[in-house]
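Based on the provided sequences and hints, a complete structural model is requested.
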Amino acid sequence: MRGRQQFSIHFLQYLNAQGKLDLPLPEWITDTPLLLTIYENMVQARLLDQKAVALQRTGQMGTYPSTLGQEAISVCTGLAMAKHDVLVPYYRDAPAQIIRGMSPAEVFIYWGGDERGGNLNRTSRDLPICVPIATQLTQAAGVATALKIKGEEGVVVVSCGDGATSKGDFMEAMNLAGVWDLPIVFIINNNRWAISVPLAQQTRAATLAQKAIAAGIEGLQVDGNDPIAVYDAISKAIQRARENQQPALIEALSYRLCDHTTADDASRYRDADELKAHWQEEPLLRFQQFLHQQGLWDAEREKALQQRCQQVIDTAVAEYLALETEPPGAIIDYLHAFLPHALETQRAEIMLKSHAINSREDQK
Amino acid sequence: MRGRQQFSIHFLQYLNAQGKLDLPLPEWITDTPLLLTIYENMVQARLLDQKAVALQRTGQMGTYPSTLGQEAISVCTGLAMAKHDVLVPYYRDAPAQIIRGMSPAEVFIYWGGDERGGNLNRTSRDLPICVPIATQLTQAAGVATALKIKGEEGVVVVSCGDGATSKGDFMEAMNLAGVWDLPIVFIINNNRWAISVPLAQQTRAATLAQKAIAAGIEGLQVDGNDPIAVYDAISKAIQRARENQQPALIEALSYRLCDHTTADDASRYRDADELKAHWQEEPLLRFQQFLHQQGLWDAEREKALQQRCQQVIDTAVAEYLALETEPPGAIIDYLHAFLPHALETQRAEIMLKSHAINSREDQK
Amino acid sequence: MSANLPASSQTVTGPATASTRASTDTTTEAETKDCVLVEAINMALHYEMAHDPTVVVLGEDVASNGGVFRATLDLQQAFGAERVRDTPLAEGLIAGLSVGMATQGLKPIAEIQFMGFMFAALEQLICHAARMRNRTRGRLTCPLVVRMPFGGGIHAPEHHSESTEALLAHIPGLRVVIPSSATRAYGLLLAAIREPDPVIFLEPKRIYRAQAQRICNDGQALPLDTCFTLREGEDLSLISWGALISECTQVADQLHEQGISVELIDVATVSPLDMTTILQSVAKTGRCVIAHEAPKSGGIGGEIAAQLAEHALLDLKAPVLRVAGYDTVMPYAKKEALYLPGVEDIHSAIQEVLAFG
Amino acid sequence: MSANLPASSQTVTGPATASTRASTDTTTEAETKDCVLVEAINMALHYEMAHDPTVVVLGEDVASNGGVFRATLDLQQAFGAERVRDTPLAEGLIAGLSVGMATQGLKPIAEIQFMGFMFAALEQLICHAARMRNRTRGRLTCPLVVRMPFGGGIHAPEHHSESTEALLAHIPGLRVVIPSSATRAYGLLLAAIREPDPVIFLEPKRIYRAQAQRICNDGQALPLDTCFTLREGEDLSLISWGALISECTQVADQLHEQGISVELIDVATVSPLDMTTILQSVAKTGRCVIAHEAPKSGGIGGEIAAQLAEHALLDLKAPVLRVAGYDTVMPYAKKEALYLPGVEDIHSAIQEVLAFG
Ligand SMILES: Cc1ncc(C[n+]2csc(CCOP(=O)(O)OP(=O)(O)O)c2C)c(N)n1
Ligand SMILES: Cc1ncc(C[n+]2csc(CCOP(=O)(O)OP(=O)(O)O)c2C)c(N)n1
Ligand SMILES: [Mg+2]
Ligand SMILES: [Mg+2]
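Heads up: the sequence lines are chains A, B, C and D, in that order. Letter by letter, the first sequence follows residues 0 to 363 of numbering that gives the first Met the number 0. Letter by letter, the second sequence follows residues 0 to 363 of numbering that gives the first Met the number 0. Letter by letter, the third sequence follows residues 0 to 356 of numbering that gives the first Met the number 0. Letter by letter, the fourth sequence follows residues 0 to 356 of numbering that gives the first Met the number 0.
Rather than coming from a laboratory, the hints here were simulated on the basis of the structure.
Taking CB as the label site, the calculated pair distances span: (1) Asp30/A <-> Ala199/B: 38 to 44 Å; (2) Gln350/D <-> Asn357/A: 18 to 24 Å; (3) Thr275/C <-> Gly328/B: 37 to 43 Å.
Straight-line alpha carbon distances no greater than 25 Å define the calculated DSS-like cross-link-like pairs of lysine-lysine that follow: (4) Lys283/C <-> Lys316/D; (5) Lys334/C <-> Lys363/B; (6) Lys316/C <-> Lys283/D; (7) Lys147/B <-> Lys235/B; (8) Lys333/D <-> Lys363/A; (9) Lys149/B <-> Lys235/B; (10) Lys316/C <-> Lys316/D.
Sample of chain A residues lacking proximity to chain D, with all beta carbon distances greater than 10 Å (derived): (11) Lys235; (12) Gln293; (13) Leu320.
Here a beta-carbon is modelled for each residue, glycine too, at the ideal position from N, C-alpha and C.
Take a look at the structure:
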């Protein structure tokens, strides 16, 4: 006997690199405010990102991973989610986090080396940024399980990079989402590089979306530089997850126009021509052209937007630079709900040491 | 733009549960000695397995994982491999290991709680049994990489259970095999249960073979109770791996007719009717019927075979029971190539303690 | 904004701690039963699942099979498939799932089938469970329990007999708790579940079915972060935990007959360590032997001895000896008796310490 | 059939060990160069790849990028894409691959990008690398090296600054080696590669680019399993390893000016421990301070102090103090100076010990 099972993976793109339409637009496209919001958030994201890089370069912040060129994915993620959904972000998702209520200053605070950068306005139940690659994925499955057990209607959106798909956690989480019918959307920012390792050395799979087949769940590949395709795919996947408790994987094809982080120098391993070519596909300009074509955007609006963004950034920088040092005890006080007796002596030592450090610094 | 990628997974079966042909036989089927060797090794495997269970039940051996009903997979694995290939087995692969030269007594020695059960006749470069589920898979990828780097033409065959496919290592290894073009064949013994967890709770994927799609490598599902299909699939996959340095995944559908191990009681969680139904599909009887139909087998041959097998088993049991206790220093002497200075005192303590234990036991 | 209060000093008889502070049920009639250790664990799980709807049990074979040691017996029947879940076979997943659930107000109790299979779970436990509260400055917390059977002596196959508690104990933010009797298993597991932070609960499987004890199923927790002084004595402090407590007790009995009085301390929470109790004991006895199954080098015994070398040097009348596993891989069943510390090993270490000076 | 010979006692000046026994190249002219620590590592890798065709380098970003710290710079150019390989992003895979390769006669040198990402690799290292020889009674061996940058002080993001060497040091079968200077990095890495068993090689990244040293690229290994006594002294033994050696040296200098003579010992191989050297030192000085970056509880300092409490009680004129990280999660960059032991901490611990009794 010979039987056969068939599987397929679709690729979705509305706007091509020239901002021209390849497909009839989806129904929601008549929602002009939404289109503008997408654009505005992308611009905001890019400018904030530039500022973060500048702060690092001037020694005012630590190592920072830029989102340059990948704004469409994170912005559409943030905008497609409902407030009661839960975001489990990775480290290029500041735009989504900010849309969901994180103060822009937290970006600087976190990458400035201060734990308060993970406090996300105190009450959010979104998870903080996750540094160990791919570990957020199984946690996201846990969050989705919790929502399901508690009978809440929220959906979990979790993101990762292309490199992260090689780590076992990615498959473990997707596989579970399939078996347990979890309301979860997995989003891959496939920016083609994991530090210096190009996609072709990460996997031989023709698409990352087809990894969903291994878990028996739906997978879709979208042009991650096309905000319409990205928003369309994510919002529909969230809707299906909400209504049918069905997980999905979305691979968004983008390109890392920046170095991996400010500690990296991509010119060591990446072809300048490749980089240049991908600048032709980046999402901001493409979407701006589209909005122009639709009569929704002009130079004046652009100028006003830039000003608004600058204000947000100025406020964020001011907040960051004005932030008072956290008391020294904080490094041990948040370890447990209650300080264990065994740590009392060490806590006292920390206070003394802090005092000594401060006096030394005062003397300088 | 909408694009589409297509993938398919085939199912292969020659002999159905009644030992009847479903497909024209493959070309190698004219190799009568091979057909008989497959059968004889399956019978040998089953009888040795029975003896192992009996030894455990009578307190002469420790916990043991039976291969009952899954003999076709391991036997065909062993037979399809060339001597210079490398086997990276899991704990239901004693039949393959024995075909590749392991002394049958080692099965008892290993599960009797003695490290010498992993010595595989001293010179083999096959890996020993692997207890932590799925961890053998990335090792197998390492073995295949080594063969490739050294320019050897061997192929690696690695096996695991259905449960193991949920552990990240499985995907990590397959993915790498794809990127690095490794000569490796992954074989899943899908016996439908992982201790008490049925396949449906392990994954939602319709087949395990389709997990290969995630790695961009070839996947095939075969009837694991049909030795012809199993041998055909494995030997062809090995050939492709050898000639083209191409990895493949083979899912062999079987059924665990036994408890998980002798420490398990499957009647607690498994339906008696399900078990009974699967007895109708088991590989030995099916293949015997086929050989009968082909005029290759009769009662007399069966009787002679049983006797030969019994002799092998008797020898193995005798060897096992006669095995002298390993010297006490062995528990530390094999840790490193050379005993570190820091361990010399402990080694002396071990010798003293062994002496004390022995004198206490002598006094009893 | 600090969520922290100074903790009260925790002694056996001391004031309520974080865990005992949680309310226990006093309205229904509490049943009393003879239980072995694994039954006590099962009873505590039933109790807490009945009283706290946020408790969820997950792991391999914990549902219809009731756990390979039956620790989760009948939980799924009693509390349903939503709250008692078999996971796919992936320890990293089990841990990650638990972290995720815990951040959203559930109290996952995960089982790792054997401690030897915990390694794939460590990334989640070390990088996330132990840090979630700190990383979010108290916004999200991670109140989970990971149960694992551990230790040797049951003639199990490879990887089923190790004692690697020291790896966990070195991780700030993880509590590591080990019961040594049915009673303490019941009370400490309840405390672990009620603890607002992650607790690793290690179950000495060699004594899973040893001596039954009468337990009142009243939901009464025992304090964490506290040693239990099982027997008071004047001549020597014998410090241990888990299954070895029974060998220690035997030795203490033998010595008692010879007129030697041993103070036997069950550490119970091996991290954070209650050194107050141990230091007080050694201040009295001046002599100390520590016994554990784990390899000697880098074991928790070393931490205890080091603290004695720091804080009790003048009290010590003799070297601090550790009776422990050798610094080699746990041998397979045939030689595990050679590896595991036994009554004689403890006995002779004590004799050596008593004979000193 | 035992493959083992009794090891010779290993001291700095002692006879050749397993690793130094391996032949070194003496025919070609050896180049001499000023190197910082990370360059010394790179030089050792180049040397050994050139002289041993079985050596293979693998990890994330080790190939075209030359490693995020440039430790594997130009290796791929020099030795090709077969022997210098970027892996997909999966530490468990990197470790499993290395184990598999090592069983087949290669010598993999794996890089884990930062020690904070080693946890997914632990299952392979603990369950397999450390056990392959033992499990097969010497039939298969596992001569691999896992290199990992570790430790704090470079203002790196979360998870990039921890020191969890104690977890590895507690695993029988794993050697754990930590250089504290460019010279020792060169010699110890060569020894690690030539060792016939697995070695974890931890690189103190804070001093990757500190003080350059003149190194002769002659392939000469330094002995493993041996402390290096960096400076002899009479008044106190100061024991440390890795980056903190430089703070310890500063303190020893300061004290020297005050007429206090400190014996400074770089442990170098933190497992197995060369206690012979440490005990001899403490027998002479009677006082001991141990310094490490890892959290104090359960750190390797505890093992050293415990062995002193066992073997040197009568030698000790003062408590053994440990200067270490606090038992809390490594804080982010802004507060790492508060966390990390510094010159003043070591200084005041020594003062306390000297003032005692
Ligand atoms: C477990 C783990 N291993 C290694 C690293 C170091 N590291 C940080 S980012 C990165 C590459 C990630 O690539 P990808 O997943 O494609 O995400 P991208 O940064 O490209 O968005 C690596 C290797 C890490 N953070 N965690
Ligand atoms: C990492 C790990 N986790 C858990 C176990 C305990 N265990 C042993 S066998 C088994 C089930 C394996 O099922 P499967 O992969 O289907 O193989 P089968 O035994 O059915 O052949 C489990 C959970 C283990 N050995 N290793
Ligand atoms: Mg990427
Ligand atoms: Mg199975």
